[in-house]
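Let chain A serve as the given structure and place chain B on it in line with the hints.
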Amino acid sequence: AQRVTQPEKLLSVFKGAPVELKCNYSYSGSPELFWYVQYSRQRLQLLLRHISRESIKGFTADLNKGETSFHLKKPFAQEEDSAMYYCALSGVQGAQKLVFGQGTRLTINP
Amino acid sequence: KAGVTQTPRYLIKTRGQQVTLSCSPISGHRSVSWYQQTPGQGLQFLFEYFSETQRNKGNFPGRFSGRQFSNSRSEMNVSTLELGDSALYLCASSLEGGPETQYFGPGTRLLVL
Chain A
2 AQRVTQPEKL
12 LSVFKGAPVE
22 LKCNYSYSGS
32 PELFWYVQYS
42 RQRLQLLLRH
52 ISRESIKGFT
62 ADLNKGETSF
72 HLKKPFAQEE
82 DSAMYYCALS
92 GVQGAQKLVF
102 GQGTRLTINP
Chain B
3 KAGVTQTPRY
13 LIKTRGQQVT
23 LSCSPISGHR
33 SVSWYQQTPG
43 QGLQFLFEYF
53 SETQRNKGNF
63 PGRFSGRQFS
73 NSRSEMNVST
83 LELGDSALYL
93 CASSLEGGPE
103 TQYFGPGTRL
113 LVL
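These protein sequence lines are chains A and B, in that order. Numbered per this note's numbering, the first sequence spans residues 2 to 111. Numbered per this note's numbering, the second sequence spans residues 3 to 115.
Here chain A stands alone, though its shape is the one from the complex (with noise of 0.2 Å):
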């Protein structure tokens, strides 16, 4: 069975300090993993995927398929950063049937 968990609910962290939100994967085949974000009265919208292995908004996500874990990690967080953060992985390559973990709604405080 597919499954994205997302231990953390809530994450709080201090603008300027190193952000790492966890996300961690069930699957037995190779999948897809992204990242979405939610920021307050937006639309979701796709952050990054593992197999573009970009940075966007100096975010970077790092697939680990030994671990099954695809964190999302920033040097440096800004108070923008805020919002809800959703992990996601898509079994069958060019599916759109995503499977989300439970999100965690980052606060970068000033």
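If you're looking for bench data, these hints aren't it; they were derived computationally from the structure. Positions of the beta carbon are idealized from the N, C-alpha and C atoms, including for glycine. Incorrect hints may have been included.
[Said to hold, decoys possible] Residues from chain B that face chain A, not an exhaustive set, calculated with beta carbons under 8 Å:
| no. | residue |
| --- | --- |
| 1 | A4 |
| 2 | T9 |
| 3 | P10 |
| 4 | L45 |
| 5 | F47 |
| 6 | E50 |
| 7 | N58 |
| 8 | L92 |
| 9 | P101 |
| 10 | E102 |
| 11 | F106 |
| 12 | P108 |
[Claimed, not checked] With a Cα cut of at most 30 Å, we get these calculated BS3-like pairs of lysine-lysine:
| no. | chain 1 | residue 1 | chain 2 | residue 2 |
| --- | --- | --- | --- | --- |
| 13 | B | K59 | A | K66 |
| 14 | B | K15 | A | K23 |
| 15 | A | K16 | A | K58 |
| 16 | A | K10 | A | K58 |
| 17 | B | K59 | A | K10 |
Chain B in isolation, oriented as in the chain A frame:
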């Protein structure tokens, strides 16, 4: 380019009634997916339509159904509403179905009394 639109934005129904929600995808997008978001279960995939055909389906009872029209607009229907169907229903569209090109709508908030 206009984004994904969903109507209505808010809806109040009573148990036993049925409801139809509508989603208009971004122009040119052929895939539409539906998700249910609740505080307890989070975001759960309902189904995906591509070129008027259901291509993927989540683990929801048969009371939940959908369809897609030739212009890619999609509707989802929930019959015999239950209290637990109260949720935010999100629609997402993409060009061919890949999550990397997927854009979400604002959602329809359904309250079942």
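Hint check:
1. For A4 of chain B, the shortest C-beta to C-beta distance to chain A is roughly 13 Å, which exceeds 8 Å, and the interface hint is violated.
2. Taking 8 Å as the C-beta cut-off, the interface hint given for T9 of chain B is violated, the closest approach to chain A being about 15 Å.
3. A cut of 8 Å between beta carbons decides the hint on P10 of chain B: the least distance to chain A is about 17 Å, and the hint is violated.
4. Checking L45 of chain B against chain A: minimum C-beta separation of about 4 Å stays under 8 Å; hint holds.
5. Because the beta carbon of F47 of chain B sits about 5 Å from the nearest beta carbon in chain A, less than 8 Å, this interface hint is met.
6. Contact between E50 of chain B and chain A, as hinted, is supported at the beta carbon level, the nearest pair being about 5 Å apart and thus within 8 Å.
7. The interface hint given for N58 of chain B is met, as the beta carbon of that residue sits about 4 Å from the closest beta carbon of chain A, less than 8 Å.
8. A hinted interface residue such as L92 of chain B counts as satisfied when its beta carbon comes closer than 8 Å to some beta carbon of chain A; here the least separation is about 7 Å, so the hint holds.
9. At about 5 Å, the closest approach between the beta carbon of P101 of chain B and any beta carbon in chain A falls short of 8 Å, and the interface hint on this residue holds.
10. A distance limit of 8 Å between C-beta atoms decides the matter here; for E102 of chain B the minimum to chain A is near 6 Å, and the interface restraint holds.
11. Residue-level restraint check for F106 of chain B holds (minimum Cβ-Cβ distance to chain A is 4 Å; threshold 8 Å).
12. Residue-level restraint check for P108 of chain B holds (minimum Cβ-Cβ distance to chain A is 6 Å; threshold 8 Å).
13. Only pairs whose Cα atoms come within 30 Å are accepted, and K59 of chain B paired with K66 of chain A is accepted, the gap being roughly 27 Å.
14. Pair hint K15 of chain B plus K23 of chain A does not hold up; C-alpha atoms about 38 Å apart against a cutoff of 30 Å.
15. Of the supplied pair hints, the one linking K16 of chain A and K58 of chain A holds, its CA atoms being roughly 15 Å apart against a limit of 30 Å.
16. A C-alpha spacing of about 22 Å is found between K10 of chain A and K58 of chain A, which places the hinted pair at or below 30 Å, so the restraint holds.
17. Among the hinted pairs, K59 of chain B with K10 of chain A is consistent with the structure: their alpha-carbon atoms are about 28 Å apart, no more than 30 Å.
The structure does not agree with the numbered hints 1, 2, 3, 14 stated previously, though it agrees with the rest.
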